[in-house]
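Undergrad: Keeping their order, the protein sequence lines are chains A and B.
Going by our numbering, the first sequence runs without a break in its numbering and finishes at 235.
Going by our numbering, the second sequence runs without a break in its numbering and finishes at 341.
Keep in mind that the hints were calculated from the coordinates and are not lab data.
Remember, predicted model here, so these are calculated numbers, not experimental data.
Watch out, some of these pointers could steer you wrong.
[Stated by the list, open to error] Under the rule of at most 27 Å between Cα atoms (straight-line distance), these lysine-lysine pairs were calculated in the BS3-like manner:
hint, chain 1, residue 1, chain 2, residue 2
1, A, Lys108, B, Lys339
2, A, Lys81, A, Lys108
3, B, Lys253, A, Lys24
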Amino acid sequence: MKCLIIDDEATARLIIQQLIENNKHVEMEQEFPNAMQAIKFLNQNSADLIFLDIHMPDFTGFDFIQTLKNPPNVILTTSDKSFAIEAFEYDCIVDYLVKPITQERFDKAVQKALSSKASSSKPEVESDLNKTDNDLYVNIDRRLIKIDISSIYLIEAKGDYITIKTFGKNYTVHSTLKKIEEKLPQDIFLKIHRSFIINTKKIIDIEDNSVLIEKDVIPVSRSNRPELMKRLNLL
Amino acid sequence: MDEQPNLSYIHQLSGGDKAFEARLMEVVKRELPEESQTWRDNISSGNLDDAASSVHKLKHKISILGLEESYRFAETYEDELREGFNIRQEEFEKLLQLMLSFVKRT
Numbered sequence: 001m002k003c004l005i006i007d008d009e010a011t012a013r014l015i016i017q018q019l020i021e022n023n024k025h026v027e028m029e030q031e032f033p034n035a036m037q038a039i040k041f042l043n044q045n046s047a048d049l050i051f052l053d054i055h056m057p058d059f060t061g062f063d064f065i066q067t068l069k070n071p072p073n074v075i076l077t078t079s080d081k082s083f084a085i086e087a088f089e090y091d092c093i094v095d096y097l098v099k100p101i102t103q104e105r106f107d108k109a110v111q112k113a114l115s116s117k118a119s120s121s122k123p124e125v126e127s128d129l130n131k132t133d134n135d136l137y138v139n140i141d142r143r144l145i146k147i148d149i150s151s152i153y154l155i156e157a158k159g160d161y162i163t164i165k166t167f168g169k170n171y172t173v174h175s176t177l178k179k180i181e182e183k184l185p186q187d188i189f190l191k192i193h194r195s196f197i198i199n200t201k202k203i204i205d206i207e208d209n210s211v212l213i214e215k216d217v218i219p220v221s222r223s224n225r226p227e228l229m230k231r232l233n234l235l
Numbered sequence: 236m237d238e239q240p241n242l243s244y245i246h247q248l249s250g251g252d253k254a255f256e257a258r259l260m261e262v263v264k265r266e267l268p269e270e271s272q273t274w275r276d277n278i279s280s281g282n283l284d285d286a287a288s289s290v291h292k293l294k295h296k297i298s299i300l301g302l303e304e305s306y307r308f309a310e311t312y313e314d315e316l317r318e319g320f321n322i323r324q325e326e327f328e329k330l331l332q333l334m335l336s337f338v339k340r341t
């Protein structure tokens, strides 16, 4: 597997290079000290696997993943255990390595990437099944409550929960943005920030890096701004 | 904290590859003073959130030098800085001095 390393720390890049050299399944393609350079590279080249640092100035590892249309497998490398839950929101993330990385743990992560690559050729079957439905059922206090999708204007992630805001009521549900995003029509709803999905039809105005929707001012992350702008019928 | 920096992780990683060990120490020697200074600058300017990010980055160097207890200390310090408290600055500076003098000697 051809792989890339993205890490702003030269020491970390050198250590991962050494770990790659000691593993027969991976081959070093390029290394980058920041995500922007990697994006430029990936615009014209491909990779099978990326070793990606989360904490980087300006552009985090998660921001980077969100810019890629079809991200290759990603193994996160970090000194912080607290992002593990967020990592599960991304299908492309196959493992999560906490620095300092040992060869044994590295080899195990590569093995996971290999298995994931082997199974990724399966056709996607259920992608749009529920997206044309007009209603969404959420489980609150053991009751399935129906929400009219068109009444949703905002969904906010708060730890292990999401709050679905509609014009009549707000619902807090144990779920993730990733899960609900799959249930919503993609042409109407858009993730504009790591913690927010909006109904683009309900936008009141956009100023700099924020969107006013109902009475909420929602930040737009730099990586999501181009997609948001594409959706607007600009004069 | 009585523990001392050591090269066990680097030796384990290199598997005896002396050229790699030398290359890695060269990079650590270059990056550690830079990252330490960035932390000091952030503390001086009162930017505790950026100081926390500097500590976060330095944690990798702390772990590479086998300082397990200090790593836990740095984790606590990073969290405190993010919450707006800077009560372990002196102790963290001592840790940096310990590491800087170790890499200089190595």
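Undergrad: Please go over all the hints and tell whether each is borne out by the structure.
TA: Now the hints, each set against the structure:
Between Lys108(A) and Lys339(B) the CA atoms are separated by roughly 34 Å; this puts the pair beyond 27 Å, and the hint is violated. At most 27 Å may separate the alpha-carbon atoms for a hinted pair to count; Lys81(A) and Lys108(A) meet this at roughly 18 Å. Among the hinted pairs, Lys253(B) with Lys24(A) is consistent with the structure: their alpha-carbon atoms are about 21 Å apart, no more than 27 Å.
Hint 1 alone, counting from the list given before, is not met by this structure.
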